[in-house]
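Enquirer: Counted from 1, the sequence shown has number 145 at position 145 by the working numbering; the numbering is strictly sequential.
Simulated from the structure, these hints should not be mistaken for lab results. Since we're looking at a predicted model, the values are computed, not measured. Hints are supplied without guarantee of correctness; some may be wrong.
To be verified - Keeping only pairs whose Cα atoms sit at most 20 Å apart, straight-line, the calculated SDA-like set for lysine to any residue is:
(1) Lys185 / Glu82
(2) Lys102 / Arg156
(3) Lys102 / Ser179
(4) Lys303 / Pro108
(5) Lys113 / Leu301
(6) Lys118 / Ala290
(7) Lys95 / Pro316
(8) Lys266 / Pro165
(9) Lys102 / Tyr272
(10) Lys114 / Asp168
(11) Lys243 / Glu84
(12) Lys102 / Asp193
(13) Lys95 / Gly121
(14) Lys109 / Phe312
(15) Lys114 / Leu183
(16) Lys131 / Gly121
(17) Lys118 / Lys303
(18) Lys268 / Asp193
(19) Lys109 / Pro96
(20) Lys103 / Ala162
(21) Lys113 / Glu149
(22) Lys185 / Val86
(23) Lys109 / Arg298
(24) Lys109 / Gly314
(25) Lys118 / Tyr265
Unchecked claim - Label pairs and their calculated CB-CB ranges:
(26) Leu239 / Glu277: 14 to 24 Å
(27) Gln135 / Gly261: 21 to 31 Å
(28) Arg297 / Gly160: 11 to 21 Å
(29) Phe112 / Ser78: 33 to 43 Å
(30) His57 / Ser242: 16 to 26 Å
(31) Gln199 / Phe112: 32 to 42 Å
(32) Glu81 / Gly261: 45 to 55 Å
(33) Ala61 / Pro96: 37 to 47 Å
(34) Gln135 / Ser236: 18 to 28 Å
(35) Glu93 / Trp171: 25 to 35 Å
Every residue gets a Cβ at the ideal spot worked out from N, C-alpha and C, and that includes glycine.
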Amino acid sequence: MLELLGRKPRAQTQPGRERAVLNIPHSARSRAGSFHMEGDDNFTYCPSTGLAEGNEHTPFAGWAFPFPGVFLAEEFVSEEEEAEMVELMDRDEWKPSQSGRKKQDYGPKVNFKKQRLKAGGFTGLPSFSKKIVAQMEACSVLGGFLPVEQCNLDYRPERGSAIDPHFDDWWLWGERLVSLNLLSKTVLSMSCDSEDTIQLFPTFGNENGELNPRASLTQTSACENSGKQGSSCLLSPRLVPSKEVTVAIHLPRRSLVVLYGDARYKWKHAIYRRHIEHRRVCVTFRELSAEFSAGGRREELGKELLEIALSFQGAPV
Numbered sequence: 001m002l003e004l005l006g007r008k009p010r011a012q013t014q015p016g017r018e019r020a021v022l023n024i025p026h027s028a029r030s031r032a033g034s035f036h037m038e039g040d041d042n043f044t045y046c047p048s049t050g051l052a053e054g055n056e057h058t059p060f061a062g063w064a065f066p067f068p069g070v071f072l073a074e075e076f077v078s079e080e081e082e083a084e085m086v087e088l089m090d091r092d093e094w095k096p097s098q099s100g101r102k103k104q105d106y107g108p109k110v111n112f113k114k115q116r117l118k119a120g121g122f123t124g125l126p127s128f129s130k131k132i133v134a135q136m137e138a139c140s141v142l143g144g145f146l147p148v149e150q151c152n153l154d155y156r157p158e159r160g161s162a163i164d165p166h167f168d169d170w171w172l173w174g175e176r177l178v179s180l181n182l183l184s185k186t187v188l189s190m191s192c193d194s195e196d197t198i199q200l201f202p203t204f205g206n207e208n209g210e211l212n213p214r215a216s217l218t219q220t221s222a223c224e225n226s227g228k229q230g231s232s233c234l235l236s237p238r239l240v241p242s243k244e245v246t247v248a249i250h251l252p253r254r255s256l257v258v259l260y261g262d263a264r265y266k267w268k269h270a271i272y273r274r275h276i277e278h279r280r281v282c283v284t285f286r287e288l289s290a291e292f293s294a295g296g297r298r299e300e301l302g303k304e305l306l307e308i309a310l311s312f313q314g315a316p317v
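Start from the sequences, fold in the hints, and give me the full structure.
Expert: Written as C-alpha cells, this is what we have:
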C-alpha cells in the first residue's frame with residue numbers, strides 16, 4: 001500500500017489572503033538553491049498524489065509540481081524475509097566501495113567508459129533473490145522486468161556512508177532502476193542540473209488538512225478564463241530554475257522504490273550522510289537497455305547474460 005510519509009497537515013489559507021511565499025525576493029530564491037549543496041531538500045515527494053510538495057520553512061512552502069517516474073511500495077518484504085536476506089548477505093565478503101560504502105556485485109564485468117563487458121566470473125543472481133524477483137511481477141510498473149544485475153550496498157553512519165548525486169549508466173542498463181531498502185529508513189535526494197525551469201502550482205488544503213492540487217489548478221484556470229484580477233487570482237503558477245529544486249523521496253524500511261522516465265533520466269539521485277542514521281542495506285536490480293534486448297544490436301549477448309542471471313545460482317563477483 002502506498003502511503004504519504006512524514007507529512008504534517010497543512011493549514012488552510014484564509015480566504016482573501018495569499019501565502020507570503022508568492023513574492024519571493026531574488027536573494028531568498030538564491031538561498032533556496034543552497035539546499036542542494038547542504039544535502040537538505042526543499043520539496044518532498046508524495047506517493048499518494050505523485051506531487052513534489054514544497055517543504056515548510058523553505059521559500060517553496062505552499063507550492064507543488066508533478067514529479068513523474070517514481071513508484072513506491074511499502075512493506076515489500078516481511079521482517080522475517082529481511083532478516084534472512086541480510087543474514088545470507090553477511091555470509092559473503094563485503095568489499096570496500098566509495099564514500100564509506102561496502103558492496104557485493106552480482107553481474108557482468110563492465111568498463112563503462114570503453115563500453116565493453118564480458119561475463120567474466122558472473123554466475124548469476126543469488127538464490128535468495130528469486131522470490132523477491134517473483135514478487136515484483138505484482139507491480140504493474142515492473143511488467144516484463146528481467147534483472148540482469150544485482151548490487152548490494154552496505155551503509156553505516158560510523159563510516160560516513162553516502163552516495164553523491166549521479167545518473168546510473170544507460171548504455172547497458174535499461175529504464176527501470178529497482179531498489180529494496182533494508183534495515184533502516186532513509187531519504188533518496190533528487191536534483192537536476194538542467195537549465196530548464198519548473199512550473200510550480202499553489203496548493204490548497206481541504207477541511208482535513210490534506211493537499212488538494214486539483215483545487216489550485218481549477219482556481220488558476222478559472223481566473224485565467226474569467227480575466228479577473230486581484231488577490232483572489234494571485235495564486236497563479238510560477239517558474240523556478242530546475243537547479244534550485246531538490247526533492248526528497250522518503251524510503252521506509254523494507255520498501256521498494258522504482259525510478260523510471262524523468263526520475264531516471266532527468267533527475268540525479270543521491271543518499272546524503274545525514275540520512276544514514278543506522279545500518280542500511282540497499283539491494284538494487286537493473287535490467288538491460290534496448291541495445292542488449294530483443295531486436296537490439298547486441299541481443300545475443302543480452303540473452304547470454306540473462307540466462308546466467310536468472311539461474312539464481314550466483315555468488316558475488
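Enquirer: Hint compliance check: list the failing hint numbers for this structure, sorted ascending.
Expert: Of the numbered hints given earlier, those the structure breaks are 11, 12, 15, 16, 25, 26, 28, 32, 34, listed in rising order.
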